[in-house]
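In the order they appear, the protein sequences are chains A and B. Each residue of the first sequence is one higher than the one before, starting from 67 at the first, in the numbering used here. Each residue of the second sequence is one higher than the one before, starting from 27 at the first, in the numbering used here.
Keep in mind that the hints were calculated from the coordinates and are not lab data. Wrong hints could be hidden among the right ones.
FRET-style restraints, in silico, Cβ to Cβ [as the list claims (entries may be wrong)]: (1) A:N433 - B:N45: 22 to 32 angstroms; (2) B:T55 - A:I431: 58 to 68 angstroms; (3) B:Q39 - A:E401: 40 to 50 angstroms; (4) B:N126 - A:K437: 16 to 26 angstroms; (5) B:K73 - A:V346: 51 to 61 angstroms.
These numbers were taken from a predicted model, which means no experiment stands behind them. Glycine included, every Cβ here is placed at the ideal spot set by N, Cα and C.
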Amino acid sequence: MKRPHITLDQKHQIAGILEIACKELEITETQFNDAEQKYTSVGNWLSDSGFILLSSSSIYPQGSIKLGTTVKPLSQEEFDVDLICHIPYGANFDPADINNLVGNRLKEKTTYANLLTPLNRGWRIDYANEFHLDITPVINNPQCRNDGVLVPDKELKTWKPSNPKGYAAWFDTYSKIQPAYIQRFNESNFFAKDMEPLPEQQPIKGVLRRAVQLLKRHRDLYFQDKSDGVKKCAPISVIITTLASHAYRKQVEQGIHDNDLDLLLGVINSMPNFIESYSVGDKNYYHVMNPTTLGNNNETENFAEKWNTHPERATWFNIWHAEAINSIKDLIYGEISGLDSLGHQLSSIIGDKVSKRVLENYSGIINKGRKNSLLGMGVTGGIAVDASRKIKANTFFGK
Amino acid sequence: MATYRQPPISVAQQYYSLNKGIPGQGKLTHKNLIWEYAIQPTPLSRKYSLLLKYNLNKSPEVCVISPDINLLADNKIIPHLYDQDKARLCLYLPSSGQWNKNMLLINTIIPWSSLWLFFFEEWLYSGEWKGGGKHPPLTSKD
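Model the full assembly from the supplied sequences, consistent with the hints where possible.
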């Protein structure tokens with residue numbers, strides 16, 4: 067299914083378009099700053115409380131907002147901003163008590179009380195149409211050598227080991243491992259030497275983060291029309307993130323890639339290799355371990371824990387994963403003729419709405435170049451940023 | 027004070043610069059030139075064949091020969107065409123000075139046709155023309 071003669075220039079263009087796509091998918095800087103300001107205020111409100119337990123608390127982000135892998139929700143819903151409320155000395159209390167302590171303090175302030183809803187473990191402050199702050203209270207985990215914490219289980223009965231801060235640091239370290247490429251995007255047959263192709267002059271920024279974002283988006287789209295039972299089987303983001311991280315590290319360490327699209331595909335392809343599984347009798351067990359919770363069995367966190375009680379989740383992971391690979395392979399190696407067909411391929415990964423916005427952004431980049439007379443024309447009529455020969459501004463006329 | 031008027035670039039000079047500037051083939055007579063050329067606006071765009079006709083008494087005329095853009099458009103009305111059937115492109119604002127006979131076709135009309143095709147493919151996908159432009163008043167011809 068390799069596209070015959072797919073050129074480096076074509077790969078570069080696809081990479082540039084995926085880069086625009088991921089930027090389009092993630093939380094905007096304005097939204098992020100707004101969320102940061104709001105959760106800092108929440109943190110201050112909690113620590114200003116008279117309660118000793120709360121006065122030593124701190125609030126920090128976890129999950130995609132911390133990892134830089136946010137993905138716009140599909141419909142009108144707001145961004146998830148996942149937060150940890152760390153209460154260091156809560157070890158002698160039940161999760162439900164700690165949870166109530168946080169909730170009661172939030173209810174003391176009318177602004178929060180009006181926006182507050184209880185979650186399974188923690189509280190949500192909902193800023194309609196923008197984002198919601200999901201606050202999970204945690205306490206120190208004295209057993210963990212890795213500065214881990216304990217989070218309430220779903221029923222708020224016991225504490226379970228986790229390590230959001232450690233996980234974020236681990237992910238960050240992996241994402242910074244630099245890949246080596248054979249082909250460079252400035253070796254072009256399409257553009258002259260002094261030309262810079264559009265839309266992007268740089269290859270994908272951070273293949274690991276971009277891989278995670280694209281996969282999460284594809285998952286959201288893939289499961290949205292499934293039955294409620296199947297929807298529950300959608301792989302959780304932390305499983306996707308963890309598997310992609312392992313795969314990324316292995317791919318990069320294994321050697322040199324032609325370019326970042328090949329690396330991206332290699333990462334996505336090899337993710338299932340990092341699911342540990344074994345059988346006892348006719349039952350399969352799955353492990354996707356949190357790499358930052360150390361210790362004995364009851365001190366570690368298995369992100370795929372639910373797969374062991376709901377084995378259909380493992381099956382749906384595989385079905386979805388195969389589908390995701392197909393969509394991405396189609397985009398990279400499939401038959402593309404024309405930007406319109408590229409748009410259609412792209413929409414099978416990120417959806418129609420965002421795909422249209424991506425091509426709109428691409429047009430915007432071209433129009434900006436036209437307006438500022440930065441464009442030139444390559445040997446086969448290709449449009450590029452050209453330092454020497456400029457295309458004069460024009461106005462398309464006619465019906 | 028006499029106003030100096032630059033003489034127009036001759037069709038022969040135009041032909042020479044086209045020949046040097048963009049792969050294609052053409053024909054040059056005393057007053058007319060035609061140039062058939064291939065353009066691919068971006069590496070993932072289609073490759074188009076276009077025909078440019080020009081003489082000093084007329085505006086340059088560019089038509090898409092292949093692929094059939096009306097077929098690609100599923101016979102929807104394509105924006106910024108002078109002539110839907112001939113697939114003749116509207117590339118600049120007439121009488122605005124954007125183009126005049128002192129300009130080289132290779133630096134103006136040819137790259138504008140590439141831009142037109144870029145926005146055409148985007149239009150095929152989105153249904154909106156993102157390239158900007160003006161529409162002629164209903165009474166105007168050409």
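- Query: Any of the earlier hints contradicted here, and which numbers?
  - Reply: Structure breaks hint 2 only.
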